[in-house]
Amino acid sequence: MVRPLITFSFLRPIAGLQKNIPLMRGMKMTTENQTFTEKFDLLGCIQCGRCTGGCPVTVRTNLNVRRFVYDAYNEELLDELSRVAEIWDCTACHTCAVRCPKGLKPLEVLIGLRSLVVESGKTQPTVRDALESVFREGNPWEKPRATRSDWMEGLDVPIAQPDEPVENLFFVCCTIAYDPRVQIIAQNMVRLLNNAGVDYAFLGEDESCCGSEVFTLGEEGLFEMIIEDNTELLNAYQAERIVALSPHCFTTFKTRYPDLNKPVIHYAELLDELLEQGKLAFKSGLSKKIVFHDPCYLGKQSGVFDEPRRLLKAVEGVDLLEFERARERSLCCEGGGGKMWVESESKKERLAETRIKDAHALGADVVAVACPFCVLTLEDAVKALGYEEEMRVAEIMELLGELDIEQEKTNSA
Amino acid sequence: MKIFTCIKYVPDTSEAEVKLNPEGTAVDSSRFSFDINDADNYAVEESVLIKEKQGGSVTVVSIGPKQSEVMIRMAMAKGCDNAIRIEDERIAAHDPLMVARVIAGAIKGQDFDLVLTGCMANDYGQAVTGVALAEILGVPHAAYVKKVEIEDGKVKAHRELEGGLMEVVELTIPAVLTIQTGINEPRYAPIRGIREAQKKELKVVNLDDLGVAAGDVDADASQIILEKLYIPEVESKAEIIEGDPDEKAEKLASILVKGGLV
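Which chain is which? The protein sequence lines are A and B, in order.
In this text, residue positions in the first sequence follow the working numbering: the first is 1, and each later residue adds one.
In this text, residue positions in the second sequence follow the working numbering: the first is 1001, and each later residue adds one.
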């Protein structure tokens, strides 16, 4: 349905927050008094259509982000727009934001509409449970905070102390900490760091969700609280930098935490640096055709394209292939944007299946990724397509874990 | 419509291994997350839905530690108006009759139309508190309620019975309803709502404040003695069925038939 642009009613604030309310710990008062149009700079849109043209989910759902940007001018329509199922199809891959010639972020209009749903309390039960779990336990997976470090069992992991300086402070990610399929990312990282003699520490049970998915699910209030709590926590450590294992935490810290007092890098950047400095060397090889899938949060959102490729190329025997849609044009796996908790109504082929078919056509033995969500979505697609005998999906840390790592020279000296 | 809704702060035992203390008298809860009891969450939603339709107020009543205030604030963010949190180490909390006496002490002497509780708690699973509460308050009750209709000062409660049968009973008001899960879809309490709920009244009281004699609700008064907790031995027997899908299906069907399962 094409809706006419009826009126510019910019007067109604989207969140009627009042001041002078006693706060719970970690809660910050929002200075929220912008209109929806001001907040998302809707008048900056020239309706060129590059957002919709680049949006990967349009092949399987009716989501038309340009339409939402247009309709959201009309504040009277917001309530109705927030009830349209397609606002939950967005994977927050940021293709629309990357392509927008005006520098707008069309996806954030959809997140703003999700916020209206969340503020009304009428979210899908899966979204409700994930958000409540982040609020109570610091992770969206409904797991107890006390078991966050269970993945460390049997490993020698240094735990950071605020008064002990450390070079690399690692941030694990909720999914890697709790999901048995991807815990290996952190476990292999610890083995590699211990072998290479890197100065590092993990946060242990003090670590809490970075809020990446809380933001994209539209829970603004909770996200503000998380930013404040995490900034306080991370700033208290004397670390030179934070190393994130997941691109979602990495990009969220980089782009949405204005007061962090130390830089944040992704682990691929750290390992690339170690390779260059000669501190990391692989003694064995891997005779495989590997295609690297650029995770949206690592590649198009944060510009880390070459480091993971250099890591894979450094392994003897690896034949590194490229997708036709690579780097900025990488096809989203649909794991982000809160999609782990919201199923699309569309029954059309999942983008992860499209991606795996492409990898299969290339003759790849391994689809290498550097993101826990990509592992889960792409691996499901391999199973759904029945390619399990022919190819596998592996996180880079899984592949590196299968190699012999040269012991640090100072250790043996 | 003045409603009291009783909620309990319980450990979620589904995601962590259950371990006992060395004496076998208590569960080691240090690795559990705690949250509102499942059925109580539905009772909160139902009370707010009734209030939204009929007007009135909802007061949350809970026995629990300071940490449970987050759960109470979440209930208030969803629309409950005020709360009473009872904290007193003397209460024999493992005995639902003692718990019912304490809650009755918080409600007695006040006007009310309905008291809603969850039908059963995730921890002890006795399904007694709500029913005992009705007895002590001297009002009728309906247990395992899956639908509530309020007309002409009466409550029509649809109760879930064995085998999926539904029984419809009519109760005079005031009454106690113990709410079954699935009666509604509990809403989300957004953080801004929880922040707003900080303004609502949350009274913290002990037995003395309630005028409940400790000797009526403590371990000596309780007729239940907790002797021992133990973890049942795990036994398992598995048979892997081999063959192509047709053979597997045939073998599986024959096992099920032989076992009298179909």
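Be aware that one or more of the hints could be misleading.
As the list claims (entries may be wrong) - Partial pick of chain A residues on the chain B-facing surface, computed with a CB cut under 10 Å:
1. Glu132
2. Phe135
3. Glu142
4. Glu219
5. Gly221
6. Tyr257
7. Asn261
8. Ile265
Stated by the list, open to error - Result set (EDC-like, lysine to aspartate or glutamate): computed pairs, CA atoms no more than 20 Å apart in a straight line:
9. B:Lys1019 / A:Asp380
10. B:Lys1019 / A:Asp150
11. A:Lys122 / B:Asp1244
12. A:Lys122 / B:Asp1038
13. A:Lys122 / B:Glu1196
14. B:Lys1147 / B:Asp1244
15. A:Lys122 / B:Glu1017
16. B:Lys1228 / B:Glu1017
17. A:Lys262 / A:Asp229
18. A:Lys383 / B:Asp1244
The set of hints was computed from the structure by calculation and includes no laboratory data.
Yeah, the Cβ is synthetic: ideal placement off N, Cα and C, and Gly gets one too.
Is the interface hint satisfied for Asn261 (chain A)? The criterion is a beta-carbon contact with chain B at less than 10 Å. violated, 25 Å
With the threshold set at 20 Å, check whether the alpha-carbon distance from Lys383 (chain A) to Asp1244 (chain B) stays at or below it. holds, 18 Å
Given the hint that Lys1019 (chain B) pairs with Asp380 (chain A), test it: the Cα-Cα distance must not exceed 20 Å. With a Cα-Cα distance of about 34 Å, the restraint between Lys1019 (chain B) and Asp380 (chain A) is violated, given a limit of 20 Å.
Would the stated hint for Tyr257 (chain A) survive a check requiring a Cβ distance to chain B of less than 10 Å? Result: violated, 18 Å to nearest chain B Cβ.
Lys1019 (chain B) and Asp150 (chain A): Cα distance at most 20 Å? Holds. Lys1019 (chain B) to Asp150 (chain A) sits at ~16 Å (cutoff 20 Å).
Closer than 10 Å between Cβ atoms is the bar; does Phe135 (chain A) clear it against chain B? Give me holds or violated. This interface hint holds because 7 Å falls under the 10 Å limit.
Holds or violated: are the alpha carbons of Lys262 (chain A) and Asp229 (chain A) at most 20 Å from each other? Given that 20 Å is the threshold and the Cα spacing comes to 15 Å, the pair holds.
Check whether the Cα positions of Lys122 (chain A) and Glu1017 (chain B) lie no farther apart than 20 Å. The hint is violated at about 33 Å.
Restraint: Glu219 (chain A) near chain B, CB-CB cut 10 Å. Satisfied or not? Status holds, d = 7 Å.
For the pair we were handed, Lys122 (chain A) and Asp1038 (chain B), check the Cα-Cα distance against 20 Å. holds, 18 Å
Is the straight-line distance between the alpha-carbon of Lys122 (chain A) and that of Asp1244 (chain B) 20 Å or less? violated, 46 Å
Proposed interface contact between Ile265 (chain A) and chain B, which counts if any beta carbon pair is under 10 Å: violated, 30 Å
Hints 6, 7, 8, 9, 11, 14 and 15 from the earlier list are contradicted by this structure; the remaining hints agree with it.
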